[in-house]
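*Asks:* Respectively, the protein sequence lines represent chains H and C.
For the first sequence, our numbering begins at 421 and goes up steadily by one.
For the second sequence, our numbering begins at -14 and goes up steadily by one.
Quick caveat, the hints were computed from the structure, so don't treat them as lab data.
Check the hints yourself; a few may be wrong.
[Claimed, not checked] Here are some chain C residues the structure puts well away from chain H; computed CB gaps all over 10 Å:
(1) GLU99
(2) ARG108
(3) MET135
[Unchecked claim] No more than 25 Å apart at the CA atoms, straight line, and that leaves these computed lysine-lysine pairs for BS3-like:
(4) C:LYS157 / H:LYS472
(5) C:LYS94 / H:LYS683
(6) H:LYS626 / H:LYS522
(7) C:LYS118 / H:LYS472
(8) H:LYS683 / C:LYS138
(9) C:LYS42 / C:LYS90
(10) H:LYS626 / H:LYS683
(11) H:LYS552 / H:LYS605
(12) C:LYS118 / C:LYS94
(13) H:LYS472 / H:LYS605
(14) C:LYS157 / C:LYS138
(15) H:LYS605 / H:LYS470
[Said to hold, decoys possible] Computed footprint of chain H on chain C, listed as stretches where at least three residues anywhere in the stretch have a Cβ under 8 Å from a Cβ of chain H:
(16) 161 to 169
(17) 229 to 241
If you're wondering where the values come from, they're calculated on a predicted model, not measured in any experiment.
For every residue, glycine included, the Cβ atom is placed at its ideal position computed from N, Cα and C.
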Amino acid sequence: MSTANVEISLSHLDELWFQVSGTRCNLTCQHCFISCSPDNDNFGFLTRKKIKRSLRESAEIGVKGYYFTGGEPFLHPEMTDILIDTLEFGPATVLTNATVFKEQWLNRLSAAHHLSRYSLEFRVSLDGFSSKTNDPIRGKGTFDRAIRGVGRLVSQGFLPIITATQTWPDSETQAVLERFTEVLKQHGYAHPRIKLLPTLKIGAEKNRTNGYSIHQRVTSNMLEEFDTSQLVCEHSRIVTDRGVHVCPILIESPESVLGENLKAASDQSFNISHGACFTCYQYGSICSNVAASNTPGSS
Amino acid sequence: MNVRIGLFGGIYNNYLALEAAISQASALGVDALYCLGDIGAFGPHPDRSFPLLTDNKIECIQGNYDDSIGNELADCQCGYTDVRDNHFAQLSYDYTLANTSEDNKAFLKSLPSEIELEIEEQRLLLCHGSPRKTNEFLWESATPLHFLDMFLKRRNLDLIAGTHTGIKWHAKTNHGQFVNVGVLGRPENDGNSHVWFTTLDISRTGIQHAFHPVSYDHQRLGNEMQREGIPDEFIETIHTGWWTTCLEILPQKERAAGCY
């Protein structure tokens, strides 16, 4: 097995991510791949000023879309303003647990979205279709709070993408998807959009499972005739308070920092030697709104 | 001097709409007609579109569907990601592949992936999805103007025309224009049965675009689709104007504009 120098270069910076709320989250999910929690301050909040600077820089290099993640982005006191700023540049997606929304924020975002030429996408994490299946992973009471958040988004005209991390066997996927759809319809979401994600066996998830084995690595042979545009690092970078990293998954790895600004980080290739790179290789485009054809439930 | 060209997007086997659009474009006095690819898919009788294209000297570029049918690939390379969308796309693809003649497959295989034009000192690029990728979706609500400027600047263009998404749109950017010319193959998810094509009026002072609705005998198309065993979901779209498949690829704004 040869894992040395499996370098992936950026073809073009299509997706620019922001670790907007650092590692701060109001929840402590058992499968979180960067162990976010209410008291995890390893990564700090990004300032609105810094994000604006990156947005201006991104326009010069032709970025296609913007993504905001954390932690929980809506713990950032200026999250609404940041999203409104972004909608002047291009389409924005925010990954949220939907448990901390305030009506005033959603009203402002709905109005800004209505005026913008660009889409504002909400991706809401929900890991089961009931308290019984969701709460053991995301915390007590989180299903009820998240489903209320989904209802509030729908009532504002948004069509949130419900993202569920697959913690069940493949054989149950179809039944799980049907139950998800049924439950979301019961809560007023007539035609729910659902995206399934594979687990990433790092961070808190490493403790829940056993992490990656040494054999779960991408080798140079595996890349022969492989469409590398399926890999997140081929078309994405993420801004954190420490610099610009290769992808949203590996920010805790010191070697993931590729530069101080977008231009510098775009010029750097990355050695995909991590276990999580293997999951990215297996499933493809796991971080994008639109799943690759081999993500769970798509084939 | 003013030159008027007509641009047709995906035909998707809808030879009845193609016939109507050719007649409408002729009445508008177009100097030339172009098809931006995806001649097959969705509708009935794939071979019926080809004589209309060649008899009317319509220059075509190769869409993802044309590449697939021409080279007899396993699927349409449409770029869908959802299991249900891919299921329906495959039914349509298998039907089109089985019902396209060898001669027409050779024609599809021979098509160029893009056409560059210089008319009245204006530089135009006709492509299928985007200048960089045949099956890239450029939706109005998910394509920043600065992203389009990157292509316009890189290739020193005044206008880029594409299709692929199935919904027409136009944008003026700092460096030029982009127009998605719409498609003739199916309505654009707006509750109307008509389809669309685009004309460009090109002069030394600029390029003006216009979108044209095309009404055609969609009842007849629906009946023919039924007789050919094409799924009811596709026939419903032809009659109602609402998309029933290929929905998961849509961004928020385009998805919210439909009824599913």
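*Asks:* Going straight from one Cα to the other, do LYS157 of chain C and LYS472 of chain H come out at no more than 25 Å?
*Replies:* Measuring from Cα to Cα gives roughly 24 Å; hence the hint holds.
*Asks:* Hey, is MET135 of chain C genuinely clear of chain H, shortest beta carbon separation above 10 Å?
*Replies:* violated, 3 Å
*Asks:* For the pair we were handed, LYS552 of chain H and LYS605 of chain H, check the Cα-Cα distance against 25 Å.
*Replies:* holds, 18 Å
*Asks:* Are there three or more residues in the region 229 to 241 of chain C whose C-beta lies within less than 8 Å of some C-beta in chain H?
*Replies:* holds (count 9)
*Asks:* Does LYS683 of chain H lie within 25 Å of LYS626 of chain H when you go C-alpha to C-alpha?
*Replies:* violated, 33 Å
*Asks:* Under the criterion that the straight-line Cα-Cα distance not exceed 25 Å, is the pair LYS472 of chain H, LYS605 of chain H satisfied?
*Replies:* Violated. LYS472 of chain H to LYS605 of chain H sits at ~38 Å, over the 25 Å cutoff.
*Asks:* Would you check chain H against the region 161 to 169 of chain C, counting CB to CB pairs closer than 8 Å, and say if three or more residues qualify?
*Replies:* n = 0 at 8 Å, threshold three: violated.
*Asks:* Would the hint linking LYS94 of chain C and LYS683 of chain H be met if the CA-CA limit is 25 Å?
*Replies:* violated, 39 Å
*Asks:* Given the hint that LYS605 of chain H pairs with LYS470 of chain H, does the C-alpha gap stay at or below 25 Å?
*Replies:* violated, 40 Å
*Asks:* CA of LYS626 of chain H to CA of LYS522 of chain H, is that 25 Å or under?
*Replies:* Since the Cα atoms of LYS626 of chain H and LYS522 of chain H sit roughly 33 Å apart, the hinted pair is violated (cutoff 25 Å).
*Asks:* Checking one constraint from the list: CA of LYS42 of chain C to CA of LYS90 of chain C, max 25 Å. Satisfied?
*Replies:* holds, 18 Å
*Asks:* Given the hint that LYS157 of chain C pairs with LYS138 of chain C, does the C-alpha gap stay at or below 25 Å?
*Replies:* holds, 14 Å
Against the hints set out earlier in the document, violations occur for numbers 3, 5, 6, 7, 10, 13, 15, 16.
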